[in-house]
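Residue strings, one per chain:
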Amino acid sequence: MKQFQYKVRDPQGMHARPAGILSAEAKKFTSKLTVKAGGESADLKKILSVMGLAVKCGDTLTINVEGDDEIAAAKVMEEVFKKNF
Amino acid sequence: MALDYRKCAQEILDHIGGSENITSAAHCATRLRLVIADNSKVDKAALEEVDGVKGMFESNGQLQLIIGTGTVNKVYDEFLAITGRTEESKADVKAAAVAHAPLWRRAIKTLGDVFVPILPAIVASGLLMGVVEALGKAIPGFSQSDWYGFLDMIANTALAYLPIIVAVSAARVFGGNIFLGAVIGIVMIHSSLLNGWNVGSPEDINSFFGVTDGVIPIWKLFGNIKIFGYTLLSIRRSGYQGHVIPVIIAVFLMSRIEKWFHKHIPEMLDLFVTPLCTVLITALLTFTIIGPIFAQLESWVLTGAEWMVKNPIGAAAMGALYPWTVVMGLHHMYNIIEAGMLSSVGLNTWMPIASAANFAQFGACLAVGLKATNHKTKAVAVPSSLSAALGITEPAIFGVNMRFFKPFICAMVGGIIGSLFGAVTNIGATAYGVTGIPGYLTINNPLVYTIELAVSGGIAFALTWTLWKEENPQPKGKTVVEDTNPADFKLDPKVIMTANGNEIHQPVEGKIISREQIPDETFASGVLGDGIAVEPTAETVYAPFDGTISTVAESRHAIGITGKDGMELLIHVGVDTVAMNGDGFEPFVREGDEVKAGQKMLSFSKEKIAAAGHPDCVVVLLTNAEDFDDFKVNA
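Chains as they are written, first to last, in my numbering: chain E, 424 to 508; chain L, 15 to 649.
Certain hints may be false.
As the list claims (entries may be wrong) - Pairs of lysine-lysine residues, derived as DSS-like cross-links and limited to a Cα-Cα distance of at most 30 angstroms, are as follows:
| no. | chain 1 | residue 1 | chain 2 | residue 2 |
| --- | --- | --- | --- | --- |
| 1 | E | Lys-430 | L | Lys-88 |
| 2 | L | Lys-578 | E | Lys-450 |
| 3 | E | Lys-506 | L | Lys-88 |
| 4 | E | Lys-459 | L | Lys-578 |
| 5 | L | Lys-578 | E | Lys-451 |
| 6 | E | Lys-430 | L | Lys-68 |
| 7 | E | Lys-455 | L | Lys-578 |
| 8 | L | Lys-123 | L | Lys-277 |
| 9 | E | Lys-450 | L | Lys-646 |
| 10 | L | Lys-88 | E | Lys-459 |
Claimed, not checked - Covered stretches of chain E, going by a simulated chain L footprint (3 or more residues, C-beta under 8 angstroms):
| no. | region |
| --- | --- |
| 11 | 428-437 |
| 12 | 471-479 |
To be verified - Selected chain L positions facing chain E (Cβ under 10 angstroms, derived; list incomplete):
| no. | residue |
| --- | --- |
| 13 | Thr-44 |
| 14 | Gly-214 |
| 15 | Glu-217 |
| 16 | Thr-565 |
FYI, nobody ran anything at the bench for these hints, they're computed from the structure.
Quick caveat: nothing in here was measured; it's all calculated off a predicted structure.
Yeah, the Cβ is synthetic: ideal placement off N, Cα and C, and Gly gets one too.
The whole structure should be built from the sequences, with the hints applied where relevant.
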């Protein structure tokens, strides 16, 4: 399993657009991607579930990646987070 | 010129009384949220003039400065740098705002927190007690029957042993061990102590302790050492049956003591030392300090009450004070006054006063019960008011009126006027022990008594009905389906998409445009899912199918709804409207609510969206469209 953390910089937190981009990217991998914020976790491939976390600017997210392509997925997703969020 | 963040932060700080005047600081998308220790040091006029501050307002104990998206976080960073504070979440700020409320408000809130969980027990007890006592008076000989003895035992259990229940609940609220809390509660009504309801009766004292002078014996732990007439560590051997406040104070002390020991005792010794010391110290403090204070209060109240009810003005004042003595648990000795009246003049004129006060609690509580839309409030208030009508007011006072406070004040007013009326008309009872509706069984003039109850209850009801406003109305959503308001339903016959045979109806009136025409690349590209958009001609969004609300964006402009076969639909009102931070949007559903197709979910203001400079098209996308082989858009 791979894991990385990301601190949200988008002042508006996790709204529809970044959630959509993140899950679209996540869907490209077969690995299971879970994002945790506070006490809750969400399937990164589901937009509504990611939006439901109500992540705010300054929150720290922990992303777990588990599966055959986890190394590549973790690396790519970390970049996607940095670029869009 | 770009804003000088540091200068902005420094100026804000200067006008709010400096770093030491800040209790808490956080920011959201547009605002700097501060909790200020001393509001008098804040120069509001100067704050509004600070370059970068676009507006300010105070809300819920927070000072909120509107600074703007993308800027507020930078000002906040500088703010932290200058003050040396660490980053805080909005939740911390909210918690600090609650802690900032005045002491009496926090005390009432604590009282409510302790009482609400135990209401089922005392409501059951109150109702049964009212009925059993009434039957005892109504049916000759019933009060000597076995049934009465048995029912009376069950009925008074929760009220007589109230300290145990209160102690457990209080321990939970204050974070102490609930079993130690129970021990403290039990100690306070231990069978070695005289029942607190009998402290005024010399006969009971004599028979309980085997003495002849009618005085409650005292344990003198340190012999006869006296300080200013107070015998050091002397304990009057009487219990706290029916008491509330002394128990809550005792358990509060206990929780503090327990936590202190937990912190300072090594873990190995913790189980030996902490519970033992906690119980012993708490019990000592309770009986030697709280005990004498309440014993003194009891005798003052008794003498004061006897003196006051001799004239109508005093009686009116007693009508107002009566519920306070119930709160303090001091009302159990009143039957001594009543018994005294009966033996001296043969008429119990105390009962009409108590009845007026109690019936006013009924009126206020009933008003809350009928006016509240919140189902929980209703469910507590209605049965509590019934119990109060039967003369047992604890559930109504602690569970409802005191908690919302305004109804309590309204009931005091009702009590004053009712008591005054009762005293002027000089009605009285021929026995004692019952008030409210069961009072009819003992009253000498039922007609005047009816007027008195109508006056006190009616005034309390009318005042509460007019003045009390619900703070937590029933959240709309799931329950809206139950008590359907037809105006909140509108199912557009137009089916805009189908997935796995499931129909997705058009959620808002207007002209349909294809996904590709949405004026935003992210939506248009389909990366968020497939679907359509509506250029709205109306301002209400209705549920497009039966489903569950999976998310409502904090900025209230977007709703996610999950339907049959896992359809996950996103309804996003406008483009870039997240920046409006909720202004112009009103959701009627909450996360987790179940909605029916056609149910009203959200309303928005086209005008505000236009004013903010955003397109107002409502984007409707099935975010997991690729999971459905037969997904079809009917544009």
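Verification of the hints:
Among the hinted pairs, E/Lys-430 with L/Lys-88 is consistent with the structure: their alpha-carbon atoms are about 16 angstroms apart, no more than 30 angstroms. Annotation: proposed proximity of L/Lys-578 to E/Lys-450 holds, straight-line Cα distance about 22 angstroms (limit 30 angstroms). Distance restraint check for E/Lys-506 and L/Lys-88: the Cα-Cα separation of roughly 19 angstroms lies within the 30 angstroms cut-off, and the hinted pair is therefore satisfied. A distance of roughly 26 angstroms separates the Cα atoms of E/Lys-459 and L/Lys-578; the hinted pair therefore holds under the 30 angstroms criterion.
Of the supplied pair hints, the one linking L/Lys-578 and E/Lys-451 holds, its CA atoms being roughly 25 angstroms apart against a limit of 30 angstroms. A distance of roughly 28 angstroms separates the Cα atoms of E/Lys-430 and L/Lys-68; the hinted pair therefore holds under the 30 angstroms criterion. With a CA separation close to 23 angstroms, the supplied pair E/Lys-455 and L/Lys-578 stays within the 30 angstroms bound. Between the alpha carbons of L/Lys-123 and L/Lys-277 the distance comes to roughly 27 angstroms, so the proposed pair stays at or under 30 angstroms and holds.
With a CA separation close to 21 angstroms, the supplied pair E/Lys-450 and L/Lys-646 stays within the 30 angstroms bound. The hinted pair formed by L/Lys-88 and E/Lys-459 meets the criterion: a straight-line CA distance of about 26 angstroms does not exceed 30 angstroms. A count of 3 residues in the region 428-437 of chain E with a Cβ less than 8 angstroms from any Cβ of chain L is obtained; the coverage claim is therefore met, three being the minimum. Note: the region 471-479 of chain E has 6 residues with beta-carbon separation from chain L under 8 angstroms; the three-residue rule is met and the coverage holds.
Because the closest C-beta pair between L/Thr-44 and chain E is about 9 angstroms apart, less than 10 angstroms, the hint holds. Annotation: interface hint on L/Gly-214 violated; nearest CB of chain E at approximately 54 angstroms, more than 10 angstroms. Interface hint at L/Glu-217: violated, since its Cβ lies 60 angstroms from the closest Cβ of chain E, which is beyond the 10 angstroms cut-off. For L/Thr-565, the interface hint holds, the least distance from its beta-carbon to any beta-carbon of chain E being 4 angstroms, beneath 10 angstroms.
Consistency note: the structure conflicts with the earlier hints numbered 14, 15.
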